[in-house]
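> Full structure from sequences and hints, please.
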Amino acid sequence: MLWLIGCKGMLGREFAHQLSEKRIPFVGTGSDVDIAEAEKLDAFVDKTESASYYASRNDVKKDNKIDWIINCAAYTAVDNAEDEAEKAYRTNCTGALNIARTARSHGAKLVHISTDYVFDGKGRSPYTEDAPKSPINIYGKTKAESEDLIAQAMTQYYIIRTSWLYGSGGRNFVYTMTRAMNERESVSVVNDQRGTPTFCGDLVFAVIKLIKKEMGATSLFGKKSAAPYGIYHFSNSGEATWFEFACAIRDYGKKYEKIMHDCKIQPCSSDEYKTKAARPSYSVLDCTKIETTLGIKIPSWQVSLERFIKSGKFES
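Under full-length UniProt numbering, the residues of the sequence shown are numbered 1 to 316, in order.
Among the hints, a few may not be true.
Once the Cα atoms are required to be at most 35 Å apart in a straight line, the calculated DSBU-like pairs of lysine-lysine come out as [as the list claims (entries may be wrong)]:
hint : residue 1 : residue 2
1    : K258      : K8
2    : K209      : K258
3    : K213      : K133
4    : K209      : K65
5    : K255      : K87
6    : K258      : K133
7    : K264      : K276
8    : K310      : K8
9    : K289      : K264
10   : K8        : K22
Derived by calculation from the structure, the hints in this document are not laboratory data.
Next up, the structure:
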């Protein structure tokens, strides 16, 4: 069974949706279990793995053991983190370390979601998994440290770095831009930060495939065919600036009648659009490793964005 931590957020809800569709048993927690308090994590595992927890439930499983923990919980307010460093470290570092220790002590494996913001953006070619980390804001520093803490605490983990996530039910860039373009005459969007928009549905599909590959290898073929533990990058393929991303949102939004207003998009520089936290100017991820490991071809960011906007699910 899987334990989905952070099940109420955008990414957590997508995991819950796909796990349910695939009939993979899981339990989910949100803020009801404070990951920064280690004893609460251990208590939840003990309660969940006990037979009495399922006595009044219809979905009783023969094996209640938690074999996997997926950590989607994170402090992700990049600008606010500059003023709330202690709060960001509490969730992203202390919480991640506690989860890793809980996983290790209970014999579970861990999937931890990380970010392209562990890099400084000075490179000009896609970052591989072994590229040196050098974050330039508090959020990035907490996520970089969380990776190190997990690696020190356990060996059976997958750390998945991703970038520019959007999906259903979250106040992400697609939601924000669509709403702004329907309400305003013009918007200004930075055109000197380059990365890759990533649909969280594609990310979740790949992570579940990674888990199932490891589970199948363990039960049928032995460890040799399992995906090696460690760090993997996943984003949609291609790259764009935030301005180019916004233009694509406008074009697909108008094509599928989700944007009904003529809104002009003005490119601007990061210097013109000041934010409290610095952002990397280039954070494209090289996803060759996960594509090769899983035998998949990751869709382009344009293909996934069009499919998502056509669905209209960003409106919820």
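> Against each hint, give a clear statement of whether it holds in the structure.
Cross-check of the supplied hints:
1. A C-alpha spacing of about 26 Å is found between K258 and K8, which places the hinted pair at or below 35 Å, so the restraint holds.
2. The straight-line distance between the Cα atoms of K209 and K258 is roughly 32 Å, inside the 35 Å bound, and the hint therefore holds.
3. Proposed proximity of K213 and K133 is supported: the alpha carbons are some 28 Å apart, at most 35 Å.
4. Among the hinted pairs, K209 with K65 is consistent with the structure: their alpha-carbon atoms are about 20 Å apart, no more than 35 Å.
5. With a CA separation close to 42 Å, the supplied pair K255 and K87 exceeds the 35 Å bound.
6. The suggested pairing of K258 with K133 is violated, with an alpha-carbon distance near 39 Å, which exceeds 35 Å.
7. For the proposed pair K264 and K276, the alpha carbon gap of about 26 Å is at most 35 Å, so the pair holds.
8. In summary, the hint linking K310 to K8 is supported, as the alpha carbons are separated by about 24 Å, within the 35 Å threshold.
9. Between K289 and K264 the CA atoms are separated by roughly 39 Å; this puts the pair beyond 35 Å, and the hint is violated.
10. For the suggested pair K8 and K22, the alpha carbons sit about 19 Å apart, so the restraint of at most 35 Å is met.
Hints 5, 6, 9 from the earlier list are contradicted by this structure; the remaining hints agree with it.
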